[in-house]
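Participant: In this note's numbering, the protein residues as written are 253 to 377.
To be clear, the hints were calculated from the coordinates, so they are not data collected in a lab.
Cβ atoms here follow ideal geometry from the backbone N, Cα and C, with glycine treated the same way.
Hints may be right or wrong, so weigh each one.
Label pairs and their computed distance ranges (CB to CB) [to be verified]:
(1) L331 <-> Q368: 50 to 58 Å
(2) M363 <-> V265: 54 to 62 Å
(3) L346 <-> K280: 14 to 22 Å
(4) H316 <-> E359: 56 to 64 Å
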Amino acid sequence: MTIVLPSLETVVVISAFALIYMLVLLRKTMQGKFDLYDFLMLSMVAIIPAGFALFPSLAYLVSHLTGVVFPFVVMFGALFLVVFAFMHNMTARLHKLERQNCALIQEQSLMALELQAKERGRSGG
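With the sequences and hints as input, model every part of the structure.
Facilitator: Shown next as structure tokens:
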């Protein structure tokens with residue numbers, strides 16, 4: 253098995269992207285715009301390609317162990333897995349927010365009815 257090393261330009265571009273993207277994610281996480289789970293999942297978009305570019309022998313080992321001929325197929329499979337996990341988590345969060353929203357609307361409606369009943373009781377009608 254011959255290991256094909258990525259060119260210097262490829263390593264520099266992928267490393268620069270990973271570094272800049274991770275710094276942006278870290279800043280947004282520190283500002284409270286992302287939680288730790290979001291930070292970890294979104295950082296995989298930069299870490300996985302960087303790992304494959306910076307450590308080609310490890311990429312070939314992983315592809316050999318999985319029985320896949322080309323390492324980039326394993327990389328894209330891993331990225332699809334990360335995207336699937338992230339979307340699954342976001343769907344669960346959305347469903348939870350929908351339930352909370354429905355409960356809050358029902359509670360607000362009950363409080364409004366209670367307030368109307370109190371106002372009618374004061375006005376005598």
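Participant: What are the numbers of the hints that this structure violates, sorted from low to high?
Facilitator: none
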